[in-house]
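Novice: Protein chains in written order, with this note's numbering: chain L, 1 to 181; chain Z, 1001 to 1425.
Keep in mind that the hints were calculated from the coordinates and are not lab data.
Among the clues, some could well be false.
Chain Z side only, calculated, beta carbon under 7 Å to chain L, not exhaustive [to be verified]:
1. Val-1160
2. Asn-1163
3. Gly-1182
4. Pro-1275
5. Leu-1279
6. Thr-1281
7. Pro-1283
8. Pro-1287
9. Trp-1289
10. Leu-1292
11. Gly-1357
12. Ala-1360
Don't be surprised by glycine CBs; every beta carbon is placed ideally from N, CA and C.
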Amino acid sequence: MSQTQADTTVTRRDFIYLGAGAFAAVGGAAALVPLIHQMNPAADVRALATIDVDISAIAVGQQIKVMWQGKPVFVRHRTPEDIAAAEAVDLSALRDPVPDSERRANAEENGMDRPDWLIVVGVCTHLGCIPIEGRGDYGGWFCPCHGSHYDTAARIRLGPAPTNLPKPPYVFLSDSEVQIG
Amino acid sequence: MSHQSTYRPTGPFTEWLDKRLPVPRLMHDSLVDFPTPRNLNYWYTFGGILTFCLISQIVTGIILAMHYTPHVDYAFESVERIMRDVNFGWLLRYAHAVGASMFFFAVYVHIFRGLYYGSYKAPREVLWMLGVVILLLMMATAFMGYVLPWGQMSFWGATVITNFFTAIPLVGNAITEWLWGGFAVGNATLNRFFSLHYLLPFVIFGVVILHIWALHVPGNNNPTGIDVRGKQDTVPFHPYYTVKDGFALSLFCILFAWYVFFAPNALGHPDNYIPADPLVTPPHIVPEWYFLPFYAILRSIPDKLLGVIAMFGSIAILFVLPWLDRSPVRSLRYRPMTQIFFVGFVVACGVLMYCGGKPAEGVYVLWARLATAYYFAYFLLILPIVGLIETPRKLPDSIAKPVLPAPALAGGTPIGATAAPHTDG
């Protein structure tokens, strides 16, 4: 190969150099996948994704906390006053406007229309504390960490939390049993 | 100020070694005959104190790891076992826990000193930025270390702080679950925090070496902020500053020991002696005292994402400080207007620390907001503008001059002697 050729054309050595570099870069990136993905929830953690809850013992006005995916879930048996208060709210006044009919157990999402049951993940949407039942200005929950108030449909009414307490996926297996997850 | 090496091997072995791995030469040139401005005051002793803190934390930490179990069912009890059963376990754990507070106390003094004497300005920008990296690493390490005892404050502090990441739009929840290794703070979280808490101090150690390297290229700043002009301005690091740093370290250790032996829990929170309960949030969650100013900034902004951005921004802004301050004069000693604003800045940090420990309601919110506004204004408005409009006081002609009155220069005993060892060439 003459001198001029080496100066102006792509040589075999250039190709090998770029090919080796590209191979190392792609290989290095591929090696990062297991190194990073190992930190995501492991199979045993994911396996605990659903739980069955017996709700027959929860009297009207009571709430229980159950653990689902390491987080507390509030299962609240609402009184007629709770329901009336939640339905009476003007949606335009809410930060995260959702009508009570979509917050409580309803036929299309949960298999049964049960306005007296409210099931929400009990983790404040601000920074993850557990709100306390029966405190706060709206008859629902109050988060002690940074002062978020939730109403009887677990909707954010006052304080720093950006959204309502999330509704987990759940279905009524019978009148007395709910599957969460 | 790179200087000529004055190292002379003392015998055949050191001469042999010097040609192969000149570690003794490196030590001699950086710790013995390193020319250091003669006017460094006690605020400059905190670099040495911080080195001591880091080593003390690593030594006590490695020992504690020999007795600690990073599992949600055993972590709390293994810490109690360290306190009650392990020989001198109480001493080592208190030294480690109090040591974290002492470390932050010293680092804050060190940072305020740098801010006051303009140590972040050219040619020391990289030195300063490495320092900010160390601060961030220290915060991550301290946070993860506080989770390990698995008390109520450990658990809920971890929950609140990892939830900062849920504020990120779109990918926030995925990132947070990745950090947790589950759907909430749990065993996977505790395990990885232990692993990283063990790792990060060594990363800090590495960055500290870079920090010292970056210090030794331009040399120390000094209270006048003017450059070293010759040998009359410097003294060798040893014995002048080894002794001064050593004396300051002794005083610091008295304070340290007082906390360890007489008030080991004064800087902690009693709720952390209650085992972690994922179903009950303590009524009032507060971080350790050294995080309170940043916590107050977070809470003073009513929007979740903006609050988190402001909190991280309060540290990130330090990275660009060397380019925000437009004044050609380094030391605030000669900047009368900025001096007053600096006092305001220290007060604002104090107010933030106070408000961070109080409930986020009423008058505390107002104070925290005012102090937050001042904190950011100091960097974004005051330093850039005041640097352009203020008339500095007259700078001294040299470092030696304001220290030595004219007659003393001629033959003052204690000070004249310091120049003597520097006749090497």
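Novice: Hint by hint, say whether it matches the structure.
Specialist: Here is how each hint holds up against the structure:
1. Val-1160: 4 Å, holds
2. Asn-1163: 4 Å, holds
3. Gly-1182: 5 Å, holds
4. Pro-1275: This interface hint is violated because 16 Å lies over the 7 Å limit.
5. Leu-1279: Holds, because the Cβ-Cβ distance from Z:Leu-1279 to chain L comes to roughly 5 Å (cut-off 7 Å).
6. Thr-1281: 4 Å, holds
7. Pro-1283: At 5 Å from the nearest chain L Cβ, Z:Pro-1283 passes the 7 Å test, so the hint holds.
8. Pro-1287: Check failed: Cβ of Z:Pro-1287 comes no nearer than 12 Å to chain L, outside 7 Å.
9. Trp-1289: 18 Å, violated
10. Leu-1292: Hint violated; Z:Leu-1292 Cβ to chain L Cβ min 15 Å, cut 7 Å.
11. Gly-1357: Not OK, violated: Z:Gly-1357 not within 7 Å of chain L, min 14 Å.
12. Ala-1360: 6 Å, holds
The structure does not agree with the numbered hints 4, 8, 9, 10 and 11 stated previously, though it agrees with the rest.
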